[in-house]
Amino acid sequence: MNIIYILFLSMILFTIGIYGVTTSKVGMKVIISLEIVLNAALLDVVGVATLYYSTSVVVFALFVIAIGVIESTVGIAI
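In the working numbering, the protein residues as written are 147 to 224.
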């Protein structure tokens, strides 16, 4: 897949997340929007890392995703 498509998709996700953060007044929607922004940034990082065949960046992204899941779980529990 071309890197331009990946970066374009990431830009769309980032824009949707920022829109959700700035317009929402409900705390849960803000947390979900922040997760979308985080996933867009990770998509950028992993997309660029695949150009250079870097597996350590992908492992780092998996850890960040795991931390994001824990953060969402705590947010839902509250």
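For the record, the hints were derived by calculation from the structure and aren't laboratory data.
Don't be surprised by glycine CBs; every beta carbon is placed ideally from N, CA and C.
Mixed in with the good hints, there may be bad ones.
[Claimed, not checked] So the derived label-pair ranges between C-beta atoms look like this: (1) 203 with 154: 17 to 23 Å; (2) 148 with 216: 30 to 36 Å; (3) 197 with 158: 17 to 23 Å.
Here's how the hints hold up against the structure:
As the Cβ distance of residue 203 to residue 154 is approximately 20 Å, the hint placing it in 17 to 23 Å holds. Remark: the range hint 30 to 36 Å for residue 148 to residue 216 is upheld by a beta-carbon distance near 33 Å. Distance hint for residue 197 and residue 158: a CB-CB separation of about 20 Å, consistent with the stated range 17 to 23 Å.
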